[in-house]
Amino acid sequence: MSAEFCVGFESDVWLNEHRSEVENRIATLSTFVRRSGRAFWLQGIESRSVPDARDYDVRIFLDSAQTILVEVSAHPATIERELTDFLAWLRSHTSISMEDEDGEPSNWCK
Numbered sequence: 022m023s024a025e026f027c028v029g030f031e032s033d034v035w036l037n038e039h040r041s042e043v044e045n046r047i048a049t050l051s052t053f054v055r056r057s058g059r060a061f062w063l064q065g066i067e068s069r070s071v072p073d074a075r076d077y078d079v080r081i082f083l084d085s086a087q088t089i090l091v092e093v094s095a096h097p098a099t100i101e102r103e104l105t106d107f108l109a110w111l112r113s114h115t116s117i118s119m120e121d122e123d124g125e126p127s128n129w130c131k
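The numbering used here applies: residue 22 is where the sequence shown begins, and numbers increase by one.
Simulated from the structure, these hints should not be mistaken for lab results.
Be aware that a few hints might be false.
To be verified - Label-pair restraints from in silico Cβ distances:
1) V34 - V71: 39 to 45 Å
2) A86 - N128: 35 to 41 Å
3) D123 - N45: 38 to 44 Å
4) D84 - W110: 37 to 43 Å
5) S41 - D73: 33 to 39 Å
Model, not experiment: these values are computed from the prediction.
Glycine included, each C-beta is placed from N, C-alpha and C at the ideal position.
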């Protein structure tokens, strides 16, 4: 079972204005394995040597103009580290919030 988190932005236009920067940042993560439409697939380095492992541990969806959806199926150490770094990078550029699938504030990767 996966967990979903929604990354929201204080500015309603920030993501649209910086979408290509965000996409490029995700694609440079060492855990990035492929892109499928607006979904970016991440797989922990640890998961790559496991037989019959999923093709991804995390999918990041950039479908919305104002939010990023992060679906976490597994979170090995490399995934946690890179998501933390990615979110820190976002925070260094703009004010963000993170909520779980129930709309509750999340401290994950803070």
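Verification of the hints:
1. V34 - V71: 39 to 45 Å: Holds: the Cβ-Cβ distance is about 41 Å, inside 39 to 45 Å.
2. A86 - N128: 35 to 41 Å: Violated, since A86 and N128 (Cβ atoms, about 26 Å apart) do not stay within the stated range.
3. D123 - N45: 38 to 44 Å: violated, 31 Å
4. D84 - W110: 37 to 43 Å: Distance hint for D84, W110 is violated at roughly 20 Å.
5. S41 - D73: 33 to 39 Å: Given a distance of about 35 Å, which is inside 33 to 39 Å, the answer is holds.
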